Amino acid sequence: MSKVIIALGNDISTDDIYPGRFMATVLPSETPQFAFFDRTEFNAQLKAKAFAPGSIIVGGENFGCGSSREQACSTLKGHDVAVVARSIARIFLQNSINLGLQVVICPGIEATEGDELEITADQVLNRTTGKAFDQVKLPAARKGIMDAGGLIPYTRARLMARA
Amino acid sequence: MGMTVVEKILARAAGLPSVKVGDVVEPKVDLAMSHENAALVINQFLEVFQGTGLAPKIWDPSRIAIIFDHRVPAESPKTATNQKKIRGFVAEHGITKFHDVRGDVGGICHQILPEYGYVRPGYVVVGTDSHTTSHGALGAFSFGIGATEMASVWSLGIAVNIEVPATIKVVVKGEFPPMVGPKDLILHLIGKLTAQGANYKVLEFHGETIRKMSTSGRLAICNMSVEAGATSGIVPGDAETLRYLREEAGVTEAIPCVAPDADADYCQTVEIDVSTLAPQIACPHMVDHVKPVDQVAGTKVQQIVIGSCTNGRLDDLEAAAAILRGKKVAEGTRMLVFPASSKIFAKALDKGIVHDLMKAGAVVMNSGCGPCLGVHEGALGDHEVALSTTNRNFKGRMGNPTGEVYLCSPAVAAASAITGVITDPRKG
Chain X
1 MSKVIIALGN
11 DISTDDIYPG
21 RFMATVLPSE
31 TPQFAFFDRT
41 EFNAQLKAKA
51 FAPGSIIVGG
61 ENFGCGSSRE
71 QACSTLKGHD
81 VAVVARSIAR
91 IFLQNSINLG
101 LQVVICPGIE
111 ATEGDELEIT
121 ADQVLNRTTG
131 KAFDQVKLPA
141 ARKGIMDAGG
151 LIPYTRARLM
161 ARA
Chain G
1 MGMTVVEKIL
11 ARAAGLPSVK
21 VGDVVEPKVD
31 LAMSHENAAL
41 VINQFLEVFQ
51 GTGLAPKIWD
61 PSRIAIIFDH
71 RVPAESPKTA
81 TNQKKIRGFV
91 AEHGITKFHD
101 VRGDVGGICH
111 QILPEYGYVR
121 PGYVVVGTDS
131 HTTSHGALGA
141 FSFGIGATEM
151 ASVWSLGIAV
161 NIEVPATIKV
171 VVKGEFPPMV
181 GPKDLILHLI
191 GKLTAQGANY
201 KVLEFHGETI
211 RKMSTSGRLA
221 ICNMSVEAGA
231 TSGIVPGDAE
241 TLRYLREEAG
251 VTEAIPCVAP
261 DADADYCQTV
271 EIDVSTLAPQ
281 IACPHMVDHV
291 KPVDQVAGTK
301 VQQIVIGSCT
311 NGRLDDLEAA
321 AAILRGKKVA
331 EGTRMLVFPA
341 SSKIFAKALD
351 KGIVHDLMKA
361 GAVVMNSGCG
371 PCLGVHEGAL
381 GDHEVALSTT
391 NRNFKGRMGN
401 PTGEVYLCSP
411 AVAAASAITG
421 VITDPRKG
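Residue numbers (the numbering used here), protein chains in the order written: chain X, 1 to 163; chain G, 1 to 428.
Chain X extracted, bound-state conformation (with noise of 0.2 Å):
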């Protein structure tokens, strides 16, 4: 079981997750720090490890949604949290796939700051409130990508196929 450490509206862009004046910083070991800048006590807390390994964070419709930036995945994997949104954005879902960052699209998900998740092979289960929400399944053609654990072993991989 893992504990919601923030329960987040609809829309949340990558520009929220990760501002733009941090993009000139890549490095996955660098960008932990900007997570969530803006919400500066949601970011003092990250920085402060307030969470334990694999809490989540809940987010409505369109998860991730604007810019490519894939900041904005490193730095909340660096942060090993998980995301459980209403839908993700295409890009950032890919995105997080490709980086081994933990999303579930749970359409119906009703969650606030404090509850208790179970994530289990096809639910999230909220153990606060008692209810059960059915996950949408990732894509099957990235399973691929899941399974080497990310898409630079997958790349690596089929690189060394053809080779």
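Just to be clear, a hint being listed does not mean it is correct.
[Unchecked claim] Pairs of lysine-lysine, BS3-like flavour, derived with a Cα cap of 27 Å: (1) K77/X / K78/G; (2) K137/X / K20/G; (3) K57/G / K28/G.
Everything labelled a hint here was simulated from the structure, so no lab data went into it. A quick note: this is a predicted structure, and the numbers were derived from the prediction, not measured.
Please build the complex by placing chain G on the supplied structure of chain X, with the hints as guidance.
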């Protein structure tokens, strides 16, 4: 069942007789574009080759384009060092479609690609920028990807595991009223579809209004298709596409265009008549928060921005200059202009447009992304309001989380610069 334009393009690029929605394909990439985030792509690309015993090799350097635009000239030693690293990589790997910080061939990636004829109808184009959707204006299937996915493209020359997207057909008819144009059309459409209404889908544009529209206008509407969540916007190549590529981009070889089949399958059809459309404004802090200008007219603005990959082309600057000529930017309002490319800047100089804008009080800056994404210049002060021809108004977008950004056409921006408040250019 026939195929849409994108289905035809993907079938060709994947070497298949036909594809349908949901099929998983691995299209060959015709053009792969990055800007300063090539610094991250390079890291990921080198990591792909680690432990393989293979020397890092780009599958085809002639198909890579790298354009510096997000922070030009560099605003910090960090950016300058990223740019330096990219220059070294470009030289080492023989990348020829490289546009450095220059006053002759520099500019914003989404202007440089069409301007130099790098994009052709029927191409599969990927870019590490969400506004890569722009190049659908030339009949290409063009979409944004992340840096790691680009590293995969550089290594393999294909986009791996692409699901064939469904297509929404957008049919546009009618003649634009005075002071209303392509930007108003796309803002209206985004308001109608919502910010995720086209998520994972393609917007294919048709109708008499699109046929008559210049490539500049088509670039604006395809550019902002991503703001409705679309994977790509696309205008099937036609006579205007050929005119643009021949006359403006100097392409001499054959240019085959791809048209959809008459019985192509669309998941949805949207019809818009622009003959009664008013100037549109996207209000803070979402691009689908769209209202006709009269509903927000009178809102005080401290910063006007004209430029970006959406509206920094010659016709945009001309429209602004026509309104500002002989007038003055209001006291308490500053106006910043960013031509989309050096070529456009030079043409605007030759035509006296830059002179007109400067005489009115506008600051004309070098070509680049400027203040659009809040990384470089033109940041807002606390609680300041901007009115901008750019494409996003998310909270904090222009560098200050307490600022507000309204999005509009160049005509609205110019009329509002004179009054210092959001102004209907039809009444200005």
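Cross-check of the supplied hints:
Simply put, K77/X and K78/G have alpha-carbon atoms about 23 Å apart, close enough for the 27 Å limit, and the pair holds. With a CA separation close to 20 Å, the supplied pair K137/X and K20/G stays within the 27 Å bound. For a cut-off of 27 Å, the pair hint linking K57/G to K28/G stands: about 17 Å separates their Cα positions.
Violation of the numbered hints given earlier is absent; every hint is satisfied by the structure.
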